[in-house]
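As given, the protein sequences belong to chains A, B, C and D, one line each in that order.
All you need for the working numbering is the position in the first sequence, starting with 1, plus 532.
All you need for the working numbering is the position in the second sequence, starting with 1, plus 532.
All you need for the working numbering is the position in the third sequence, starting with 1, plus 532.
All you need for the working numbering is the position in the fourth sequence, starting with 1, plus 532.
For the record, the hints were derived by calculation from the structure and aren't laboratory data.
Check each hint, because a few of them may be wrong.
Repeated chains share a single entry, so a pair holds when one copy, or any two copies, can fit it.
Straight-line distance between alpha carbons at most 27 Å, and here's what the computed DSS-like set of lysine-lysine pairs gives [unchecked claim]: (1) K535 / K672; (2) K808 / K535; (3) K815 / K805; (4) K757 / K562; (5) K871 / K599; (6) K644 / K871; (7) K673 / K535; (8) K535 / K797; (9) K805 / K562; (10) K871 / K557; (11) K815 / K797; (12) K572 / K721; (13) K644 / K562; (14) K599 / K562; (15) K805 / K572; (16) K815 / K573; (17) K871 / K815; (18) K557 / K808.
Just so we're clear, the structure is a prediction, and the values are computed from it rather than from any experiment.
The residues making up each chain are set out below.
Number of protein chains: 4
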Amino acid sequence: MIKAGIIGATGYAGAELVRILTQHKEVEIKWYGSRSYIDKKYASVYGNMFEIVEDTCLDDNMEELAKQVDVIFTATPQGFCASVMNDEILSQTKIVDLSADYRIKDVAVYEKWYGIEHKSPQYIEEAVYGLCEINREDVKKARLIANPGCYTTCSILTAYPLVKEGLIDTATLIVDAKSGTSGAGRGAKLPNLYCEVNENIKAYGVASHRHTPEIEEQLGYAAGKEIMINFTPHLVPMNRGILVTEYATLVKKPDGSLPTYEEIKAVYDKYYKDEKFVRVLEKDVLPETKWVEGSNYVDVNFKIDERTGRIIMMGALDNVVKGAAGQAVQNMNLMFGLKESEGLELVPMFP
Amino acid sequence: MIKAGIIGATGYAGAELVRILTQHKEVEIKWYGSRSYIDKKYASVYGNMFEIVEDTCLDDNMEELAKQVDVIFTATPQGFCASVMNDEILSQTKIVDLSADYRIKDVAVYEKWYGIEHKSPQYIEEAVYGLCEINREDVKKARLIANPGCYTTCSILTAYPLVKEGLIDTATLIVDAKSGTSGAGRGAKLPNLYCEVNENIKAYGVASHRHTPEIEEQLGYAAGKEIMINFTPHLVPMNRGILVTEYATLVKKPDGSLPTYEEIKAVYDKYYKDEKFVRVLEKDVLPETKWVEGSNYVDVNFKIDERTGRIIMMGALDNVVKGAAGQAVQNMNLMFGLKESEGLELVPMFP
Amino acid sequence: MIKAGIIGATGYAGAELVRILTQHKEVEIKWYGSRSYIDKKYASVYGNMFEIVEDTCLDDNMEELAKQVDVIFTATPQGFCASVMNDEILSQTKIVDLSADYRIKDVAVYEKWYGIEHKSPQYIEEAVYGLCEINREDVKKARLIANPGCYTTCSILTAYPLVKEGLIDTATLIVDAKSGTSGAGRGAKLPNLYCEVNENIKAYGVASHRHTPEIEEQLGYAAGKEIMINFTPHLVPMNRGILVTEYATLVKKPDGSLPTYEEIKAVYDKYYKDEKFVRVLEKDVLPETKWVEGSNYVDVNFKIDERTGRIIMMGALDNVVKGAAGQAVQNMNLMFGLKESEGLELVPMFP
Amino acid sequence: MIKAGIIGATGYAGAELVRILTQHKEVEIKWYGSRSYIDKKYASVYGNMFEIVEDTCLDDNMEELAKQVDVIFTATPQGFCASVMNDEILSQTKIVDLSADYRIKDVAVYEKWYGIEHKSPQYIEEAVYGLCEINREDVKKARLIANPGCYTTCSILTAYPLVKEGLIDTATLIVDAKSGTSGAGRGAKLPNLYCEVNENIKAYGVASHRHTPEIEEQLGYAAGKEIMINFTPHLVPMNRGILVTEYATLVKKPDGSLPTYEEIKAVYDKYYKDEKFVRVLEKDVLPETKWVEGSNYVDVNFKIDERTGRIIMMGALDNVVKGAAGQAVQNMNLMFGLKESEGLELVPMFP
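Next comes chain A alone, as it looks inside the complex (with noise of 0.2 Å):
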């Protein structure tokens, strides 16, 4: 059995972490960190684990958790992970960090964008970032992975084929993000009362939000080149849920034409059809954000504007699960050489 220590294990990614792992059987959880909850029992502040999880939440002493278990997720604010990375800890336990400490290899734009100062740099080249379907051989080899964002991965895996193969005007992409509440997490915050969330919808961070230098990035990285994109989160009144809806100018071909649903069906189909949780679905049937709650699928598709040359490509996932805490368990089970999908064959779950 791996064990597994979760800091952060009373936010809302840290509660899902709790309920994927549960159900994992290659592994047990041996530390609840939560440093609001020190001493009280778990299934006191998440009761769906009332005679489910016995153990009491303890606080987030790293090293003396380095040495007790194989795996540490870091479900917690930025900062935190790399204020107390270092080479002792490295070399004990692997580290999955859900925190986007490890997420930007430029240390600049991170501390431009974050608005800190970054504590442990010198981890940065080393950490992998863990967006499994794209960089999975490194994450089998990794020992700090730097999990991906819940937009982040929507964004990044709903346009990558068209990217990778150059198939879009990469100046031209435009993400709209739509987000459940959950993204928010379990602070008690004004703006995230029922109240104001409920028969509600606005736009946040505009040109603004901190998941934007990490999906250029990424996607950079694809298209061989620097990318600038628009992205514009915004905030639905639902738990769980992300959908991206992301616009842009598809290039031609060498005839002038544009390429048709059949071409750009197969380029989806080379990087994902023998991906488990990316599912391509049918034409013409659209994501939605339920087909895919408590699941760790990502369902795209796509529609191509014939009028505008536009195509409008769209993703949908859970975003605690492979926005968050499914993904962190796909990247363990990938650096403990387990079968990818073990604890993660969850059946999306309707109404």
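Once you've looked at the hints, dock chains B, C and D against the given chain A.
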């Protein structure tokens, strides 16, 4: 592998059977019956099942189906199962009927409350009321299970220990129930439209809901006498979940005092301590539907009101799991000698 | 023009006062009191008021305010109004207190249920309980109004005619209430977060909610004797609205039969036929919160259960209108000799 | 008093007309047309209107109705109004058509996007596109108003000043729109069921939605040239509200720099400073649908992205008010020489 057929596989309860059985390692579904979607791919009706279920919907030919499978689940409107049942079917396969057809022993009561003629009353006596926690041994030997209703399961299990032990005056029992909208089914009816349900709560079926006699019959067995209750269901703007709030006057002890918290708790523990799917919550923790969502649990608790001499009992479950499909699978597990919780160790999903 | 001041103008009830008074042609708001937002533009706190309210929030200086306005609404936490009240204020202005400070005549009961010391019990006797439909004449002459609670208004008006006429056995009265989340206020607390409330229903304050003695006191006056009830509130995933479902045993007629529908209906009509804001629905039409949303109406109806001899009474209102701000304005209208419905002819909004 | 008739009075837009006109002091509704509910009391279809509207639903006899009223609102499916229009009707009464029948000047475009034959193209030229903020003077003189669509109103008003002044490259304009579910109407269709919409978001009508040519035509007039856009609607789990997020590349100034915030703001103010129903929000305040709910406001704002050279424009309105019934009444007010905001000074309701 147990071969299973589902009639009514595209209703919400049927779809939940598919979700659960797909993850059940001893069962394979051989027949997705759906009169409305014959010859359509199941995954085109329920997009969550894309790349998980490849089958196509079939009709509801019970006779043919009985030859092919070991168990049939009928998740069909009232009257269907009774109208097609015959000796040959029952000699070939086991039946778990999720409708009300065989739940009520007195056919006159059934016909009065449901307003339809019962087409095969000869099987009523044989049918076992599939509330596993109460009728476990009979379920094991049954070939025809009347799977309890969603409101009923919650209402009965919440009060059962106190009724059985004679701790409450059953003449005073009132059940005020609240249900999510999936309980209304997937029929395209105006009252179930999003805009009619959202931001709204209402009672319905007041003093006339069909689950009333079912609760009365089962609690009557526990009480050892006929009982008559008030049952009032309400429609709540949420997908899943039933919460019942039950009121009854406590029977005083010989010295005229009320039973204590500890005494009542001991009675609940007597019946449920070893029941995996019934969780008696800790003192002052009240059931919430969200804590059982997606799982087969029923959470129960109670509060004594010293002022009025009443006890307020509360119970919560997921209406499509423990209230329908999960309970059906629990019955199937018992009938086939499997571990009772096989395929049902679903951790509740939060948020 | 009546000059009005609001203390607590940035809570949900205070904001609803602003919405209603802004459309009231005889009133102008002179003071937007909000301790948390002093010197901030009101419209920056409530974006709906942009270009409608240009004022800035002020503190809660009651003494100063009393000199400037004709009426003060205190939409403040329990204890505030009682702690600042004095003879000078009362000699200068009228007060409508939306808190519980002056609702309960017995100060010991107040202090027990609210757990705080009452700072100005000398004004309790003078204060008029502002349930206009019952205390209209006293309201007209009052200078200090104790504006009823939201649950209370709905619970009382739903049962009042039958209690007053002795048609139900008050010892059997049970009130099962369901409320939208705005009733919990705008405080940033974890249990009120969107993800905690959405897709969830739960009871709270079972056998201990503070509105219990208020209901008991007022219905006790109607009954002409002390009464004791069970009151159980529930939190429902919606913004606005309260629904109460009340159960009581009907008093039989001398011949041993139950009162008929027509007899009960006549009693409701006796009290409410001429009440603009209480709508006794037609036979078999059950109250729904959505039908009163945004308005000052209370919709009530009932159902007799011949089997159990009980009556099920139901009532619905909008908790921030008739349950708070609307009722406060109704009281103000009476106190100032205006048409009772002035500014309150708000047509419910659907959907 | 202006006598008004409504055809389609029991759809959501028709019901909102009833809500608004009931509070309009210069209008009385003489005809509640509803083919589905002929001879039923209007208040039995919409319970909110109990004791407010006493009338009974009538059929949709436009010829008879035209003789009786001063203005007819047709809140009917596409094709109805065009099929019944004739000279006699137009000579007797004014018409505000809430359907798309007369919105598009080129009948071929209408027939292509709507897939139906236009039965009275001879009136298209005369019809005035009733976007009051743009066509106010023409509306005043009109006898036939084509009331704009909900998505359209929001999309056009959000971008209009910048298109009109040539500040954006219209070839790059992308409109990503999000709508509450009332926009789908009150028809009993499976995709509009509560359980299908709740906890879900999806795009629909991608690259094919019928409001596309309407937006293109109107913004084309502003631009002085044909334009072609991408318009993508999404269904959001809420009752009311539309939010549009629009993207376009800014036209650089002669010196190669981008326009500043102040310059863009000045252009919005030029067009909307005196418009009561268009609120240009303060810097960095982003539109939210909740802030306009129940009102006739459109809230707009924008953000310049210096990195990509694009502007992100955002607009929010209530789809059944400014997106349908409110705008219809605004048009009526202008046509009859009333104050434009008469009956429309509805303060948005929050929460």
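| query | In ascending order, which of the hints set out earlier in this document are inconsistent with the structure? | reply | Failing hints, ascending: 4, 6, 8, 13, 17.
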